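Sequence order for the protein chains is A and B. The first sequence maps to residues 1 to 514 in the working numbering. The second sequence maps to residues 1001 to 1514 in the working numbering.
If you are wondering where the hints come from, they were derived from the structure by calculation, not from laboratory data. Please read all numbers here as calculations on a predicted model, not as lab measurements. Treat the hints loosely; a few may be bogus.
The calculated label-pair distances, taken between Cβ atoms and stated as ranges, are [said to hold, decoys possible]:
| hint | chain 1 | residue 1 | chain 2 | residue 2 | range |
| --- | --- | --- | --- | --- | --- |
| 1 | A | Asn44 | B | Glu1212 | 46 to 52 Å |
| 2 | A | Asp242 | B | Arg1426 | 52 to 58 Å |
| 3 | B | Ala1030 | A | Glu61 | 55 to 61 Å |
| 4 | B | Phe1459 | A | Asp242 | 38 to 44 Å |
| 5 | A | Arg338 | B | Glu1084 | 57 to 63 Å |
| 6 | B | Leu1057 | A | Gly93 | 52 to 58 Å |
| 7 | A | Arg92 | B | Gly1466 | 52 to 58 Å |
| 8 | B | Gly1431 | A | Gly299 | 54 to 60 Å |
| 9 | A | Glu203 | B | Lys1445 | 27 to 33 Å |
| 10 | A | His433 | B | Ala1483 | 54 to 60 Å |
| 11 | B | Arg1426 | A | Thr101 | 29 to 35 Å |
| 12 | B | Arg1077 | A | Arg338 | 48 to 54 Å |
| 13 | B | Gly1466 | A | Asp243 | 54 to 60 Å |
| 14 | A | Ala483 | B | Glu1452 | 41 to 47 Å |
The beta carbon of each residue, even a glycine, is placed where N, CA and C say it ideally should be.
Protein chains: 2
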Amino acid sequence: MAEATTRRRSRSGGGAARRAERTTLKIETAKYIERNIPLFEILNEEALEIIEANAELILEEVGVNFVNNPGALERWRNAGADVEGERVRIPRGLARELCKTAPSRITQHARNPERTVEIGGNTLVCAPVYGPPFVRDLDGGRRYATMDDFQKFVKLGYMSKWLHHSGGTVCEPTDVAVNKRHLDMLLAHMTLSDKPFMGSVTEPSRAQDSVEMCEILFGKEFVQENTVMTSLININSPMTFDDVMMGALEVYAANNQACIVSPFIVGGAMAPVSVAGTLTQVLAEVLAGIAYSQLIRPGAPVIFGAFVTSIDMNSGAPTFGTPEASQILYGAGQLARRLGLPFRSGGGLCGSKLPDAQAAYETAHTHNAALLGGVNFMLHSCGWLEGGLVSSFEKFVMDADQLGVLHQMARGVSHDENAQALDAIREVGPGGHYLGCAHTQANFKEAFWRSELLDYKPFETWEDEGARDTQALASLRVEKLLAGYQKPAMDPGVEEALNAYVAEKKASMPDSFI
Amino acid sequence: MAEATTRRRSRSGGGAARRAERTTLKIETAKYIERNIPLFEILNEEALEIIEANAELILEEVGVNFVNNPGALERWRNAGADVEGERVRIPRGLARELCKTAPSRITQHARNPERTVEIGGNTLVCAPVYGPPFVRDLDGGRRYATMDDFQKFVKLGYMSKWLHHSGGTVCEPTDVAVNKRHLDMLLAHMTLSDKPFMGSVTEPSRAQDSVEMCEILFGKEFVQENTVMTSLININSPMTFDDVMMGALEVYAANNQACIVSPFIVGGAMAPVSVAGTLTQVLAEVLAGIAYSQLIRPGAPVIFGAFVTSIDMNSGAPTFGTPEASQILYGAGQLARRLGLPFRSGGGLCGSKLPDAQAAYETAHTHNAALLGGVNFMLHSCGWLEGGLVSSFEKFVMDADQLGVLHQMARGVSHDENAQALDAIREVGPGGHYLGCAHTQANFKEAFWRSELLDYKPFETWEDEGARDTQALASLRVEKLLAGYQKPAMDPGVEEALNAYVAEKKASMPDSFI
């Protein structure tokens, strides 16, 4: 990253950039979570071996479809698969063998080197909600998302201490043409934040635009040698790889940019109703997808993804934060680790329409499972509401605050001499109290995680202040954060070049809303 | 239990009881949770050995106080401890040795044998909130609890499918004299529910009353040979055992009734600010308390308790559902298992004033830690609000519904042929869907946990119905459950005898409100 920094400095306008750097508010951000705790493994060796054998059996016997993608079929044929129409049957062991060139850990660079993240091993990188067409806040209710909303979410993400990643489509800016909004979204991530971000996947050409904008931001050579985007490639479960998603993956893999290869499954609809059956399908799909990425470019960075919800079999509604979803997350994490791949799952998932108790129960279940299940990249970690239809401003800051719980939990338990606190126990003795003792004085500042949002006040104070619930407190926090937002320093030359790129691209085509 | 059943039948009034049994609504209750999943163990062997060695060191070097209790001091002296004033120093190894006679598993009988619970090993028994002087509901707000509230909570507990235990002081009935309310509380648990319950601990004489009422309910001989109450004995941390709590423990242990021996710790105030230091003190206190129970009656059933919250070091307010509390729970569970004792911790703990998102985040963290940390008896598993000052009607049914999540999670992941679902994957193939396939049809009813409270409706339906949040839905559920409540069948002779006992006891002493 030193290289990129130097390059940017040398191109800077000089005084203006330096002044901006000096006056900019320092935003404190935790780099990423490093787990110093064991993982929770729900499947035993026998179950894992059965699922792995069945996944290979499915690939060989049933196969997967690569739709509208003659190039992919050709690549598979050359690699030794049995291709029949669009169906690709992959002989036992082939996909697993191809996956071996994928790295086990990814360094995703941010334009601010302090925000660069490590994805893999014992890390957990948290990124915000992705994809909702609606937004909600306490004052404005539920409405279609706009670019203004999008920018606000990027600003909130930038100012959230426990959020490591700026994400991608934090909401769909529905007031910008479908064929142009990726440009505005990327520009917002690049200029309003200095955290790492995701690229566009809605068209191969938009993936290419994303790469080109990164070349302006980081330098062309730096992009070819380093990962600067992590993008979300969903598989159309069951076992279908469409040309749009695969086209985007082809662009990213060829450019050494990271892809999350992720089955998107509503259990019972797009996979069997059983946990073991769903895991079998997830593994088969991910093996095929990641193997394909390695056919594009051996060594291309990829993440084993598993986005699985359950379903309310009475209404057909997808459900979130359920025990079955947690079981699948735990199992998928084990399968990913056995492949030596970074793992994406979890999030602040919930089905509730409001940032209420239901939303929080479901989110906390998913957060906990992600931490203990070994997730390395947690998309949707804050702001997700209503089954992903809504990005909620209040829930964004509520969940982002909760990510601090995961950080503290991941620190694990020290048993060094200071942590043993024998002298404190001796000093205080039966019937005393520890508030004033030397050990407490020396350690209390670091001892406990502290929320910046939740209410711990005496009842009377809380009542005098309006008896506010979490949503009301969060609404105030959103307002306060946005009022205090300051754009991170940026080389004016780079910003100008990015703006010019976006303007030119937009001018080159008519608006399309499909 | 067959014996007790026969006894009750033989004493029944005959026709009336049988008619009552025939007409009574059958209430479905899960027996208790049996974990078919591994546990999460946060401490490594080295940390465990250090904490165990330090706890013994503290007992030997610093000791514990048994206050106003010459009998206890005499018992400790006879057992080989070094007694000096009220300070009891316990030589290394002695407390651990004494604990060996405590059983590793407790069968607590309910008057309905179907509700009898097993506490220990892989089980988790859930009991409701204990102790709050206030209640809250959506319509009435926060107010002092009354006996009417108490009875409503017992009824709700009886009707809660995933709640196994009726609990104890589900709220403090402040409209009944302090010296008499235990009689009304026990009568409510015994007559309005048929689930197991807890005895009084606020005076040794009230523990004795509890035993006597159980003798009426179960028969004198049955009570002496079986455990029919699990009662909560708090230790005054740090390391102080008061005469009231120890007096109650003496009564229960002598009568073969179970006690939870539980440090009550606000971390940073009543124990060191570090996790390892707190665990050391918890272990020392529990070793001393359980050893003492075995001095009263070797083999007396006891539970290793750990109620530990953290503290907001700025305001001094206790905080709940924090990562430090979870770490302590996980560690304490490991220490309890190494002693071969049942373990009590966890609950639906939270600091929030309302059943809002904060309450749910904090509750879910504690619920999850309890499940994965090996808790065998979870007091406060539903209804707790505002740091234990308030029993909330809405939160009672919200949390009770969430206990279903823990049941489903604990079932673990099957990998039998049906769960592998290979034929389903073959049948559906790439691009299909599973909703109608044979495997889904055969399995969907049992596949997913289903909330009886949370909202999964389409947005438009939800909006048309009033855009209700979880609290509003819970309020309706409370109303509906109470409206549908039917008293479980009971031998009229037994009920008459219980009423007569309570009336006589109450008449024998003037009201006291201190």
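Verification of the supplied hints:
| no. | hint | result |
| --- | --- | --- |
| 1 | Asn44/A to Glu1212/B: 46 to 52 Å | holds (49 Å) |
| 2 | Asp242/A to Arg1426/B: 52 to 58 Å | violated (22 Å) |
| 3 | Ala1030/B to Glu61/A: 55 to 61 Å | violated (40 Å) |
| 4 | Phe1459/B to Asp242/A: 38 to 44 Å | violated (27 Å) |
| 5 | Arg338/A to Glu1084/B: 57 to 63 Å | holds (59 Å) |
| 6 | Leu1057/B to Gly93/A: 52 to 58 Å | holds (56 Å) |
| 7 | Arg92/A to Gly1466/B: 52 to 58 Å | holds (56 Å) |
| 8 | Gly1431/B to Gly299/A: 54 to 60 Å | violated (31 Å) |
| 9 | Glu203/A to Lys1445/B: 27 to 33 Å | violated (42 Å) |
| 10 | His433/A to Ala1483/B: 54 to 60 Å | violated (48 Å) |
| 11 | Arg1426/B to Thr101/A: 29 to 35 Å | holds (30 Å) |
| 12 | Arg1077/B to Arg338/A: 48 to 54 Å | violated (59 Å) |
| 13 | Gly1466/B to Asp243/A: 54 to 60 Å | violated (45 Å) |
| 14 | Ala483/A to Glu1452/B: 41 to 47 Å | holds (42 Å) |
Hints 2, 3, 4, 8, 9, 10, 12, 13 from the list above are not met by this structure, while the remaining hints are.
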